[in-house]
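> Each chain is listed here by its residues.
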Amino acid sequence: MQVFLQTLIGGLSLGAIYALVAMGFSLVYRTMGLVNFAHADVLMIGAYAASTFYMSTKLPFALAMVLAIAVTGLIGLFIERVLRPLENKDFTLMLIGTIGFGMVLQAVAVLIWGATGRAVRTPVGGAPLEFFGLRVRTYDLVVLAIAAVAVFLLVAFLQRTKMGAAMQAVAMDHEAATAVGIHVGRSNAIAFAIGAGLAALAGGLVGPLLYVNPTMGGTIGIKGFAAAMLGGCGNIPGAIAGGFAIGVLDSFAAGHFQGYSELVVFLVFTVAIMIRPTGLFGETTVSRA
Amino acid sequence: MNALLRNRYAPKLGTLAAFAVIAWLLPYTVGGYAIHVVDIALVFALLAIGMGLAMGIAGQINLAQIAFFGVSAYATAILTTHNGLGFWPAAALALVASALIGLLVGIPALRMQSHYLGIVTLGLALGFINWTTNAEIAGGAEGISAIPVPPMFGVDLSSEYLYYYLEVVVFALALAFGLFVVRTGLGRRMMAMRDDPLAAGAVGAEIPLLRMTAFMLSSVFGGLAGVLYAGLIRYIAPDTFNIANMFLLLAMVVIGGRQSLVGCVVGAVGLTLIREKLVDHPTYAQLGFGIVVVLMVVFAPTGLAGVPARLKAVLDRRLGRTAERSVLRPFEPYEAAANVGEDAAAGEARPMLEIDGIAKQFRGLKALKDVSLTVERGEIRGIVGPNGSGKTTLFNVVSGFYRPSGGRVLVDGRVVSGSRPYRLSRLGLARTFQNLRLFGELSVRDNLLVALDRSRTYAIWRYALWPVGIWRQERRLHRRADDLLRRFGLTEFAAAAPGALPYGIQRRIEIARAMAGSPRLLLLDEPAAGLNGEEVRQLSEIVRSIRDSGVTVVLIEHNMGLVMSLCERVTVLAGGSVIAEGTPAEVVADHAVIEAYLGDSAMADMPLPNSTEVTS
Chain H
1 MQVFLQTLIG GLSLGAIYAL VAMGFSLVYR TMGLVNFAHA DVLMIGAYAA STFYMSTKLP
61 FALAMVLAIA VTGLIGLFIE RVLRPLENKD FTLMLIGTIG FGMVLQAVAV LIWGATGRAV
121 RTPVGGAPLE FFGLRVRTYD LVVLAIAAVA VFLLVAFLQR TKMGAAMQAV AMDHEAATAV
181 GIHVGRSNAI AFAIGAGLAA LAGGLVGPLL YVNPTMGGTI GIKGFAAAML GGCGNIPGAI
241 AGGFAIGVLD SFAAGHFQGY SELVVFLVFT VAIMIRPTGL FGETTVSRA
Chain E
1 MNALLRNRYA PKLGTLAAFA VIAWLLPYTV GGYAIHVVDI ALVFALLAIG MGLAMGIAGQ
61 INLAQIAFFG VSAYATAILT THNGLGFWPA AALALVASAL IGLLVGIPAL RMQSHYLGIV
121 TLGLALGFIN WTTNAEIAGG AEGISAIPVP PMFGVDLSSE YLYYYLEVVV FALALAFGLF
181 VVRTGLGRRM MAMRDDPLAA GAVGAEIPLL RMTAFMLSSV FGGLAGVLYA GLIRYIAPDT
241 FNIANMFLLL AMVVIGGRQS LVGCVVGAVG LTLIREKLVD HPTYAQLGFG IVVVLMVVFA
301 PTGLAGVPAR LKAVLDRRLG RTAERSVLRP FEPYEAAANV GEDAAAGEAR PMLEIDGIAK
361 QFRGLKALKD VSLTVERGEI RGIVGPNGSG KTTLFNVVSG FYRPSGGRVL VDGRVVSGSR
421 PYRLSRLGLA RTFQNLRLFG ELSVRDNLLV ALDRSRTYAI WRYALWPVGI WRQERRLHRR
481 ADDLLRRFGL TEFAAAAPGA LPYGIQRRIE IARAMAGSPR LLLLDEPAAG LNGEEVRQLS
541 EIVRSIRDSG VTVVLIEHNM GLVMSLCERV TVLAGGSVIA EGTPAEVVAD HAVIEAYLGD
601 SAMADMPLPN STEVTS
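Chains H and E are the protein sequences, given in the same order.
For the first sequence, the residue numbers in full-length UniProt numbering are 1 to 289.
For the second sequence, the residue numbers in full-length UniProt numbering are 1 to 616.
Do not rely on the hints blindly, as some may be mistaken.
[Said to hold, decoys possible] Okay, the calculated bits of chain H under chain E, using three or more residues with CB under 8 angstroms as the criterion: (1) 152-160; (2) 201-209; (3) 218-229; (4) 265-278.
[Stated by the list, open to error] Distance windows between CB atoms, simulated: (5) 111/E / 176/H: 29 to 37 angstroms; (6) 115/H / 145/E: 24 to 32 angstroms; (7) 141/E / 128/H: 27 to 35 angstroms; (8) 151/E / 82/H: 38 to 46 angstroms.
Read the hints as simulated data drawn from the structure, not as lab findings.
For every residue, glycine included, the Cβ atom is placed at its ideal position computed from N, Cα and C.
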């Protein structure tokens, strides 16, 4: 039981990261039907930017994070502008186009920061806390708290602000949204920027947990997409549930299958998604073929 | 017709000979390292062909191609070094292994498509890399070295020059086979599935089997590449099969043109050569490839392969050249079948279509409630009703797109409700669609050929074992396509892309495509929508002739003039129920019908669903 609970807790912080990745992915997907494969590499850029501001420029961790989010937000705006002609049209082409952007971002990262990775110092040190014999790293708690705040802010934005409501309207029917005078292009751009910002947040948070390198986006990104699909593509609560599901699955697979954990995670995911192709909470999408 | 077939392939003979000579002489002109690069390029070209077949031709996003490549390379390496097998037996087993893995990876394609499939296949590819870096048998991160040189009747294949010739032969055969697949029935079906899976199912393409076939073809090409790679480098490590190389392969296919196998080859060879030129600056190479991929996707989605056609189109426009105006020729009526109506009159025949208490519910919306109707053999039945009354839903249930929530459908006395569309197509049911579902990227002729081809998908074993049979069947099909084109007056549009043609012609093509399957029961969903008066007159002539040839016709139509003049009996739907049935004259006089159409005070009490019509 002790081991079980410890494994469960071990999966939560990465689960929160996957949930952030999945949320960003889903937000973009539901708003403009764009499957953003570059999301993972935006995350990597975010991780590098945050770690650079934090370690080289010696800014406080929180400020470094905000700057990283701003930088990637701009990258997001750029990607959206270039791929705008394909929005709501051809899934395959968009998917390939964003993969192309991912290649570009990786190359840019290598040019700026070099091909070797870097380790990031934990912003909050100290011994792990103990609850009933379970050990919890302080930084894990920070990650969970920040993720929770991000979820809260996103939901509040979508439900309480005019811009957020407009975005929801675009997600439901972009033609009708245009007809009632919503600037769909701007709404999409903002959704994309927020999505990129969420990726940067995830990247900045994951930096101290893992090693920051140009190809780090690959695994985290694909697991984040898997989380989004597991929860139901485009569905925000689903993204959170899917993120934790993948994080915990990851943690248990690592405990039981050691080196083969990734293989096991993706096999389990494939079987799960075949049983429920629209995910646990169903798909919220703009594509009604 | 034979001339036409010959014209399609003959001018290439000269080009082919030129390529053969160049391929023969190439090793004499390049150095040792260059030939190594060429050998690698050919391996990538094989991989790209496989990828093009799955992604470009069949429309199945396959981001596991690099894993298929890896499976066979690893299988060859393990079987030779670990189990002591000879190179060629190991290679044969490796091909089988990658084909099996291809089928396994293809299974998710039965349940999901597009980006879902992309993420699942990419995840499985990551899983494979994870296995290679951990498994002891795969040598972990160090990989496997000392793979034996493939023996070849005393020819020393450790020389990369001689190995080149082996590769060229395998590559040429593989490309020829790939092109043969693309240009014959299997390829046409896969392209039809890519363009519109629903319509492809309705003309008899077995979608699940086709998707699996696409993945298997893709994995076999990947497997061939893996075997050649293992024999060439004789050392393998997980790095070769990583995601970055998967995306490089994707870049090759996209830049070359995913819908053309030759384009894929050009992309693969081109990018391999460029990558070698930039071997000291791999990051800039990656940056460049990434940028080109983005630009290609936005500005030239058909890749380099599509550039000549686009240039030609631009030139033609600049020079004010327009194609000779093609003319729609009149329809040539079918020969009337002598016994139509007599069977029915004799009372021997079962009704052609029986719909028995069909209900269909979408969550809370009851689109159809207990609909029953019977259509006799050789009848033309009209189905009319206000928008949202469930007409198209009824068609979708009958043609197998929707599973009914209750009730059953019988075609010619056989219970068919719940069958897949392709099965119904084989039982003699054909349909057209309200919103036109032609295969957009196939020519008009190919649209008809897809439907004319009644061979089962499992008959593709002939591609591997008896290609002559395929060739003969192709010639038969092309002859029949010519007849059909002539009958529907479409001969001059045979090579055109359907999307560019006027609406009325597209409608006629769809009817021709439906008739290509020689159906016994034809469902027409608003065939007159968008047609002008003269076209409606022609349509009514066509439908009558189709009926006279022995086909039972059911049509949904809003054009009451057409319904009145064409149909023997009319069924009126409103709010998902049958409210009247009878001769046209009877139903127009029916009180309930007048109410449903024109509405009066009683209308307010009728529970009409206010949703828009559910289209397939």
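> Kindly indicate which numbered hints from before are broken by the structure, ordering the numbers from low to high.
Of the numbered hints, 1, 2 and 8 do not hold.
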